[in-house]
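There are 2 protein chains.
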Amino acid sequence: MDVEIITIGDELLIGQVVDTNSVWMAKELEKEGFRVTWKTAVGDVDTHISEAIDAAMKRAKVVLLTGGIGPTKDDITRNTLCRYFDSGLHFSEEVYQNILQMFHCSGREMNALTRLQAMVPDKCTVVRNRAGTAPCMWFDRDGRVLVSMPGVPHEMQWLMTNEIIPRLTQVFGRDAYIRHHTVWVTGYSESALALTLESFEAELPPFVKLAYLPQAGLIRLRLSACTGSDEKALQAIAGEKEKLHTLLGCHILSEEDKAPEALIGEALLAKGLRMGTAESCTGGTIASKITSVAGSSRYFAGSVVSYSNHVKRGLLGVSERDLQEHGAVSREVVEQMARGALQALDCDCVVATSGIAGPEGGTADKPVGMVWIAVGRKGEVISRCFRFGSTLREVNIARASNTALLMLLELLNKAV
Amino acid sequence: MDVEIITIGDELLIGQVVDTNSVWMAKELEKEGFRVTWKTAVGDVDTHISEAIDAAMKRAKVVLLTGGIGPTKDDITRNTLCRYFDSGLHFSEEVYQNILQMFHCSGREMNALTRLQAMVPDKCTVVRNRAGTAPCMWFDRDGRVLVSMPGVPHEMQWLMTNEIIPRLTQVFGRDAYIRHHTVWVTGYSESALALTLESFEAELPPFVKLAYLPQAGLIRLRLSACTGSDEKALQAIAGEKEKLHTLLGCHILSEEDKAPEALIGEALLAKGLRMGTAESCTGGTIASKITSVAGSSRYFAGSVVSYSNHVKRGLLGVSERDLQEHGAVSREVVEQMARGALQALDCDCVVATSGIAGPEGGTADKPVGMVWIAVGRKGEVISRCFRFGSTLREVNIARASNTALLMLLELLNKAV
Chain A
899 MDVEIITIGD
909 ELLIGQVVDT
919 NSVWMAKELE
929 KEGFRVTWKT
939 AVGDVDTHIS
949 EAIDAAMKRA
959 KVVLLTGGIG
969 PTKDDITRNT
979 LCRYFDSGLH
989 FSEEVYQNIL
999 QMFHCSGREM
1009 NALTRLQAMV
1019 PDKCTVVRNR
1029 AGTAPCMWFD
1039 RDGRVLVSMP
1049 GVPHEMQWLM
1059 TNEIIPRLTQ
1069 VFGRDAYIRH
1079 HTVWVTGYSE
1089 SALALTLESF
1099 EAELPPFVKL
1109 AYLPQAGLIR
1119 LRLSACTGSD
1129 EKALQAIAGE
1139 KEKLHTLLGC
1149 HILSEEDKAP
1159 EALIGEALLA
1169 KGLRMGTAES
1179 CTGGTIASKI
1189 TSVAGSSRYF
1199 AGSVVSYSNH
1209 VKRGLLGVSE
1219 RDLQEHGAVS
1229 REVVEQMARG
1239 ALQALDCDCV
1249 VATSGIAGPE
1259 GGTADKPVGM
1269 VWIAVGRKGE
1279 VISRCFRFGS
1289 TLREVNIARA
1299 SNTALLMLLE
1309 LLNKAV
Chain B
899 MDVEIITIGD
909 ELLIGQVVDT
919 NSVWMAKELE
929 KEGFRVTWKT
939 AVGDVDTHIS
949 EAIDAAMKRA
959 KVVLLTGGIG
969 PTKDDITRNT
979 LCRYFDSGLH
989 FSEEVYQNIL
999 QMFHCSGREM
1009 NALTRLQAMV
1019 PDKCTVVRNR
1029 AGTAPCMWFD
1039 RDGRVLVSMP
1049 GVPHEMQWLM
1059 TNEIIPRLTQ
1069 VFGRDAYIRH
1079 HTVWVTGYSE
1089 SALALTLESF
1099 EAELPPFVKL
1109 AYLPQAGLIR
1119 LRLSACTGSD
1129 EKALQAIAGE
1139 KEKLHTLLGC
1149 HILSEEDKAP
1159 EALIGEALLA
1169 KGLRMGTAES
1179 CTGGTIASKI
1189 TSVAGSSRYF
1199 AGSVVSYSNH
1209 VKRGLLGVSE
1219 RDLQEHGAVS
1229 REVVEQMARG
1239 ALQALDCDCV
1249 VATSGIAGPE
1259 GGTADKPVGM
1269 VWIAVGRKGE
1279 VISRCFRFGS
1289 TLREVNIARA
1299 SNTALLMLLE
1309 LLNKAV
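These protein sequence lines map, in sequence, to chains A and B. Numbers in the numbering used here are just positions in the first sequence, counted from 1, shifted up by 898. Numbers in the numbering used here are just positions in the second sequence, counted from 1, shifted up by 898.
Calculated directly from the structure, the hints in this document are not laboratory data. Keep in mind that the hints are not guaranteed to be accurate.
Since the list gives no way to pick out one identical chain from another, each pair is judged satisfied if it fits inside one copy or across any two copies.
When the alpha-carbon atoms are kept at most 20 Å apart in a straight line, the in silico EDC-like pairs for lysine to aspartate or glutamate are as follows [unchecked claim]:
#	residue 1	residue 2
1	1156	1292
2	1107	944
3	959	949
4	1139	949
5	1107	908
6	1021	944
7	929	908
8	956	944
9	929	909
Just so we're clear, the structure is a prediction, and the values are computed from it rather than from any experiment.
Taking the hints into account, I'd like the entire structure generated from these sequences.
Pasting the structure below:
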């Protein structure tokens, strides 16, 4: 069943607010087989709201609105809905009691504006909003449904979970099952991967889609099956997943939709190892990724962010001579950083980075985007030089960090 | 001038990706007087893309597309555009040379698919994309403009800033002037700030808007004036800015729309000081924020991320006794971390953090979200305990990092 979402509010258009509501809604709807096929964001403008509603109601059986139904002047959606459905307004004692209760719970004072929220369209079914004061309005027309919800995330989420999705499932039953499988692929550019998978893609059944979601140095590859039977969807995904494996083999970093830092954590826990980082150009980004994972204190010892040569020498024992001879961005220095970190942080494996993030500081032989990365454990240090080739500082830092995590993951996967 | 944005890609509909592109675009467009009035998100479906384009071209003079023009099969926008504008495709040597150069810079190999990206519609003006391989396509029709850009954020951003916005301004001139003034406010909750500014907001002229953009521990407060005369807009902003100052005084952290890490960099350069960080619960996030600023190597010495007590003792000289007696999350330890970092990193000022990011590891007297933060310079260390009170790890880390940066900024502002 196709669903459209319309988000209402100037703040969504002028760049004040990032729309995470529709993202949350899409995920929850999908679990019950409802697929979001179209999203529209309009401001608090009567003509725009009604045009968006009209177009959506022509395309989809289910149209979900969020926002624009607060107590303040700029929220006009309720009146627009009355016009669109040719409906009057009436005072709902039931809604009013709910509002009173809400205010009582939060210890706030009622005011005239809030009382107005108890005015609801005659032609809608009011769905009680136990998470807030703005009533949720459910309209039926010619076998199509339009639901208007508040834009406040926790109110919308409470309504979707407890009222709207259950009712939609009841009304429309379930005509589709959607299953995904996402793998992380490394060692390919997006186009190189597409070439490798050309015939695989061509042979996919029509109800299975393949999507490429490239990230700095990595590609998330998503298989989606959408069909009338859950079993069929699961079988298709399982089958195609097998083929992907045969085609990509060791390039598949993970069978799960997990970030490298999470996979590293699992590998370290499984092997009972502890890690650390020695970072120059990545400036702590690798450490912050590793420690973004809950429980990372069980395997993350720490990090030395050695921006200055003084710190490279003092805390990591990099030799002054090599810094002079080869420069900070060199195999010699990055490998000494790795060895120094193994010792200073007293851990089993480390990753070290030294490069030129840019935009300044590049030279002919050491251009912006050139980064040396070393991974090591006691008795073994491997280093490689990369040219991430962007003039954008954040891009080079992101690529260097992801690549460093991948090199560490490889080391862990082969380590006994 | 009204602008519509159409974002293309299944990932935007199924909840896999949060759309931050259109948010960035809206902000940048507004600076030149272009206002986003409508946003549409559709999947990689030919009929949906063309319907969205058709509707948008009827409403707005400027329609901006992002996404769906990569080299892979799931990206079909280019062909849809050809059909919509009734245009053929031809091979562009110029685009091909750009692609070659891109691949050369990043040291990757060309392949057939990437070569295909040099196929461009006859009826469009190709805008060179110096940030990536996908060409940007500019279509003119009946005084209206449609521009198709890649969805990769840094490519889209490069194109918007360097090519698209300047060209749009050239073509359409400007019918509105939008002026903003943003201040960073600290020490208020959003609602407390709203109460303080209640009458100020009520008295704002109709063409001036106030926006609250709360961030972890901080609130960006934005005044926007949109009117036909730039002088009028500037005057209004200047006046309201004055009033804000009188109302908020020392709670205004900065008069500029700059992140704390940028302000810290400027303060350090002005005073000729170098800084470092000693991070436990923030795990390198503060260091990565500081080093995200170009040129930070001039004032950032480095960081010790001391997750393990071994590192706290070994590299920062924290006393074993205090770790035992008071625990790692304590005034004693965080202050010793600060002093140790001043010495180990040989810098003039430091910030240190030790806390419980969660979701695990909290106790009755040291709950999840409790963080000790110390800032110091030679001879002076100040520490405070915060309870950020979220059960979400990322929220506590973000709040602790921002708060630490603010404490350092305060120290620098008062330092002689």
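Tested hints:
Proximity of residue 1156 and residue 1292 under a CA criterion of 20 Å is satisfied inter-copy only: 16 Å between copies versus 22 Å inside one chain copy. For the homomeric pair residue 1107 and residue 944, the shortest alpha-carbon distance between copies (15 Å) is at most 20 Å, but the shortest distance inside one copy (38 Å) is not. Proximity of residue 959 to residue 949 under the C-alpha cut-off of 20 Å is found in both arrangements, the shortest distances being 16 Å within a copy and 18 Å between copies. Taking the closest pair of Cα atoms, residue 1139 and residue 949 never come within 20 Å of each other, the shortest separation being 42 Å inside a single copy and 34 Å across copies.
When the C-alpha separation of residue 1107 and residue 908 is checked against a cutoff of 20 Å, the pair qualifies only between copies, where the shortest distance is 10 Å, while the shortest distance within a copy is 34 Å. Taking the shortest Cα distances, residue 1021 and residue 944 sit within 20 Å of each other inside one copy (19 Å), while across copies they are farther apart (36 Å). For a Cα distance limit of 20 Å, the shortest separation of residue 929 from residue 908 across copies, 16 Å, qualifies, whereas the shortest one inside one copy, 30 Å, does not. For the identical chains of this complex, residue 956 and residue 944 are neighbours both inside a copy (18 Å) and across copies (18 Å), given an alpha-carbon limit of 20 Å.
Taking identical chains as interchangeable, the C-alpha atoms of residue 929 and residue 909 lie at most 20 Å apart only when they sit on different chains, with a minimum of 16 Å there against 29 Å within one chain.
Checked against the numbered hints above, the structure breaks only hint 4 and satisfies the rest.
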